[in-house]
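Asks: Let's have the full structure, built from the sequences with the hints guiding it.
As they're listed, the protein sequences go chains Y and H.
In terms of UniProt numbering, the first sequence opens at residue 1 and continues consecutively.
In terms of UniProt numbering, the second sequence opens at residue 1 and continues consecutively.
It is possible that part of the hints are untrue.
Because identical chains cannot be distinguished in the list, a pair is counted as satisfied if it fits within a single copy or across any two copies.
[What the hints assert, rightly or not] Restricting the straight-line Cα-Cα distance to at most 25 Å, the calculated cross-link-like pairs of lysine to aspartate or glutamate (DMTMM-like) are:
(1) Lys-257 / Glu-370
(2) Lys-257 / Glu-369
(3) Lys-257 / Glu-75
(4) Lys-257 / Glu-375
(5) Lys-257 / Glu-305
(6) Lys-257 / Asp-131
Bear in mind the hints are in silico, worked out from the structure with no lab data behind them.
2 protein chains.
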Amino acid sequence: MIPPAAPAPRAAAVPEEIIRARAYLLRTVEPPSRDLVRLIEQHGPVEAADRLRRGAVPEALLERAAARRDTDTSEADLADAAAAGARLLVPEDPQWPGWQFAAFGNARRADLAPPVALWARGPGDPSALADRSVTVVGARDATRYGLHAAADFASVLARNGVAVFSGAAFGIDAAAHRGALSAGGRTVAVLACGPDRVYPAAHAGLIERIAATGLVLTEYPPGTTPGRLRFLVRNRLLAALGAGCLVVEAGTRSGSKRTASDSLALGRPLMALPGPVTSAMSVGCHEMIRSRQAELVGRPEDVLEIIGRLGIDLAPERVAERRPTDGLAPGTLAVHDALPARAAWPARRIGEIAGVAPDSVRIALVELEERGLAEYHQGLWQRPARRSGP
Amino acid sequence: MIPPAAPAPRAAAVPEEIIRARAYLLRTVEPPSRDLVRLIEQHGPVEAADRLRRGAVPEALLERAAARRDTDTSEADLADAAAAGARLLVPEDPQWPGWQFAAFGNARRADLAPPVALWARGPGDPSALADRSVTVVGARDATRYGLHAAADFASVLARNGVAVFSGAAFGIDAAAHRGALSAGGRTVAVLACGPDRVYPAAHAGLIERIAATGLVLTEYPPGTTPGRLRFLVRNRLLAALGAGCLVVEAGTRSGSKRTASDSLALGRPLMALPGPVTSAMSVGCHEMIRSRQAELVGRPEDVLEIIGRLGIDLAPERVAERRPTDGLAPGTLAVHDALPARAAWPARRIGEIAGVAPDSVRIALVELEERGLAEYHQGLWQRPARRSGP
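Replies: What follows is the structure in structure tokens.
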């Protein structure tokens, strides 16, 4: 369906049997599956594949694999993918974005399992691209305002070395990819269909352009067609691969909300673009900002600041420097931690809780007050009701 | 300059000597003056006026009054005001919005002193109007979008019984007043000139319409012309009189920011209307939302919710009901208060700080976790990093 692109690079270091095993596992158990991830962690991919073939795996996993485990199409899958210019990227490959996918390990939701491998097409290094990146999502039926903003933000971000991840859908997705491409920047499409397919078909040219300079990723083996569930499942990869997630336009019931909530669940900062209150396409963004789930971004520079501040591409010291409690002496910090948020206490009680002497407590409280970290009313101390920062 | 309106109501209960004294004080000391407010608190208005005339007041106050204290024009001022249809509203009057102005008592900024009286024109009861109210401010050079939104919000709010306070200026102010008037609702203009003047002159008709059904207020005696400083000083009254402050459009250096910061300093919730990120007139609003000073409002209903939640017109129970910690047993609340925000502690340590037994701490922590008020990671507990509410 897609003509072969440039020869796909392959990490020579990864043994073929691992590639084969992961290709088999990827097709045999429909993602996401924490049970499968656990099985691989315990036994390694080759042994895990063997156990699955033999049926020597926990009952729940066996049931999920029942329909496919007797047929190993990994050789054909790898050949079909290669014919479409795609390789199988595995966690054993140095280009695997392991840092990003580590966030799945802290997520509570059972559906937030990492992928066991990814089909990849294009010259981009997935790990390097994800290192400084933003995921841009939004409505398919976007307004001109939204399309313009998505392209403009993506273009400025790409010019600043940020890779723009999106889903290649109509509307905001396509505008974001195109904005990055127009700036000569890097962009990555994460699809919900096989690497030999394009969806939507009208974006065959766009996806080809993305694959030519950036990267097209998918969890689904060759021949897979997209479906509603697969789009939802795909969204967790978009959420994980971006250092932050920007929602450009979203109606009240937008699918972008799923990617947004996945991003939050994975600890990624969520950003939303405001728009006219008269536009139905901005209602979802405004809701996310109102509920404090998302930060409002008015300029691409805001995005750079947020992914720089909270992102994974900066040294931890930078993050620490921006905390309002930084530079506080340990005693003062203890007093800060003891300050009640929903009550107001006399200094004496705070001192008791913090384990700090009365005189030192008062000095600490005054310092905290100067920094806007404590408030004093009628003899009682408390945390400020409103924080002026995130 | 302005034809007399309907006969101004006068609270018969307030002795004339108090009215005269406050008219004298209002003209003699240019507001705001905390020293003057304190003098009146100590001695009452009549004795305070007498002391000021005699020069028996603290040095600082004497200096500020030096230029005017020898001339008592209170009789003429009251006559001129009456000729323009205005009365002097004093704190001794039951219609004085004392509840609202009490906020000045908690403010730290020295320039946030309450007025010692107000010239009032129109049939509205200032106290009743301020009880359920919102202050709407914004750019003079507003966009069509902003003007439309200001009128629309004001109209819906007015229809819901909320009085719309604004400054009668060009742009957002006028649109807000007109929106309220168009809905047959109540609106109040707070001016920075004498009650016998109109500013801007082009708004003579608008101000007349406001005075006919609502209220026109000013701190400045008859004949006073507006000036840059007086607009700034006036803004604190707008901030105090609204149960909340809504900024509709504001550029980066907008004067509305002053009213916004006065509102925050007086403990009023600040709201901002988002707009297209491509509009310079929305930059100020977006900044306020980003910095968490203002809540984003997308619909008039959002404003109703916020002033209902935090406003002064609702019973305190309603406010309390909306706290996420409501309904928690005292022990659980103590555990909540002991939860660290910037660290993560084992349950044992939290129990020590909260003074709650180990078994009860664990039960409390699980309850808090269910409510989204605590988070657990690898044996340690902490407050959730992001709050989903204000």
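Asks: Now look at each hint and say whether the structure bears it out.
Replies: Tested hints:
Taking identical chains as interchangeable, the C-alpha atoms of Lys-257 and Glu-370 lie at most 25 Å apart only when they sit on different chains, with a minimum of 22 Å there against 39 Å within one chain. Taking the shortest alpha-carbon separations for Lys-257 and Glu-369, only the inter-copy value of 23 Å comes in at or below 25 Å, while the best intra-copy value is 38 Å. Taking the shortest alpha-carbon separations for Lys-257 and Glu-75, neither the intra-copy value of 37 Å nor the inter-copy value of 66 Å comes in at or below 25 Å. In this assembly of identical chains, Lys-257 and Glu-375 lie within 25 Å of each other by CA distance solely across copies; the values are 23 Å between and 36 Å within a copy.
In this assembly of identical chains, Lys-257 and Glu-305 lie within 25 Å of each other by CA distance both inside one copy and across copies; the values are 23 Å within and 23 Å between. With identical chains, the CA atoms of Lys-257 and Asp-131 are at most 25 Å apart within one copy only, with a shortest distance of 23 Å there and 38 Å across copies.
Hint 3 from the earlier list is the only one contradicted by this structure; the remaining hints agree with it.
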